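Top to bottom, those sequences are chains A and B. Okay, so the first sequence: first residue is 1 according to the numbering used here, each after it adds one. Okay, so the second sequence: first residue is 178 according to the numbering used here, each after it adds one.
I should point out that these hints are in silico values taken from the structure, not numbers from a laboratory. There's no promise every hint is true.
[Stated by the list, open to error] Interface residues of chain B toward chain A, partial, derived using beta-carbon atoms under 7 Å:
no.: 1; residue: Leu183
no.: 2; residue: Met354
no.: 3; residue: Leu359
no.: 4; residue: Gly499
None of the values given here were measured: they were computed from a predicted structure. Even glycine gets a Cβ: it sits at the ideal position worked out from N, Cα and C.
Chain by chain, the residues run as shown.
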Amino acid sequence: MSDLNVLFAGFGGQGILFSGKVMAYAAMMEGKELSWLPSYGPEMRGGTASCSVCISDKAIGSPLVVNPDVLVVMNLPSLEKFENDVVPGGIIIIDSSIVHKEVARTDVRVVYVDASRIAEENGLKGAANMVMLGRLFKETGFCSAENLDLGLQKSIPARKANLLESNRKAIALGIES
Amino acid sequence: MNEKVLMKGNEAIAEAAIAAGCRHFFGYPITPQTEVAAYMSKRMPKIGGVYLQAESEVASINMVLGAGAAGVRVMTSTSSPGISLMAEGISYIAGSDVPCLIVNVQRGGPGLGGIQPSQADYFQATKSTAHGDFHMLVFAPSTVQETVDMIAMAFDLGDKYRMPTMVLSDGMLGQMMEPVVLPEPREPDNDSKDWAISGHKGKREHNVVNSLYINPQELETLVKARFEKYAEIKENHQIAEEYLADDADIIIVAYGSSSRVSRSAIDAARKQGIKVGMIRPITLWPFPEKAIEKHVGHAKAFLSVEMSMGQMVEDVRLVVNGRAPVEFYGRTGGVIPTPNEVLEQIVRINGGVQ
């Protein structure tokens, strides 16, 4: 894998930006070039949020992912907005607990993950984003398992260190899903 | 060497300034720049520095003038409308030969405009910041690491030439995160500024920092001396980076965020066999004329790509001076051009040159 452009999209408050950050840090631990770019604006909890993560062996050109190789999507408006932007042959990973709609396109691979339900049933409410990240890791192998864990450790500030284990568990559930 | 970390462009600006010995920050919040001030407000009190949120941009820049005149390393940061408010103060700073760093994380304009990334302040930064004959050194980073490296360079050159310097970023570079290695911190060096009004306990003649000169001859002499300094800077401090330019038929000229979009477009065009390259101005003033001039002979066309209606393109045309066509492509108002849009322009121009 040389280049991978991922777009994470969903509601504000789902941890969309954080998922991207963990991926970005993991890629950094892997020794890759990378960029992380959030949508920004008059955003609010419950509004839409998205972030672009680019990983490459070469310097990153445009950090804005217009045509993602992988779309990780956690709400319906984002699926409707970005579905047609995914490159042919790309992957769409959908939180099917929240998005009750099938992807119309036939030229992409679609992965339905019951992420929010899986998280909730395992006492990890709010960690569906990490379940999705685990599945993204499984589908793309964008880094080694060790570096994914290091990326997670780097992304969690020291004062929130108690959240490390639950996030780890959620990622593992995503990999198993 | 410091550890590689992921940082937002805006936070990296603040940390790099602190590492370069800056202990005085005056500013006023504005999107998409506010993380600079927020970061400074957390860090400065812990290291014996000053963070002050002024009542406005006008007040901020005058505080910068005061601190700079006292000989300390000082900065402010804002976004486009904020620079307009600071214009008068920047002219006073230039007219007083006071070094300082001004960061502009550009957003769409004119007016309050929008909060998405833009490059429409090129004219303002390089030509018409405010009244009077003067220039600032203007640096345009294209990555978070380069932003960090430029902050130190901007402070050092500002001190060397006793003039205001600007780092011209934009909302995309400010908001994005990339890996960065911060430089080793330096202690502030304020003692070498023998012109500063820093108190002397009666041991020497007092210094004066001032921009008011009623006698026209005296003012002309001063301005002319300043322009000799500018000529020296033009000779010695033009910086540009070339990307696949040596064999290029088409040369894109782009800086900052639009250079990154262009780089993606160039890679795609090269795969189609189109000989296209780029000159990326790193200093916008002085404009890297020499880097462009070097390629005027073999390049069949130039294309300026900007997030504006076409500003830097005028400087490219001044250098090329009719010897090759200079075209323009831009998006404005906070819209970021896509690599595909730039690729279309490359393909179109390539059709014309064959």
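Hint-by-hint comparison with the structure:
1. Leu183: Holds, about 6 Å.
2. Met354: Holds, about 4 Å.
3. Leu359: violated, 15 Å
4. Gly499: Cβ of B/Gly499 sits 31 Å from chain A, so the hint is violated.
Of the numbered hints stated above, those contradicted by the structure are hints 3, 4, listed in ascending order.
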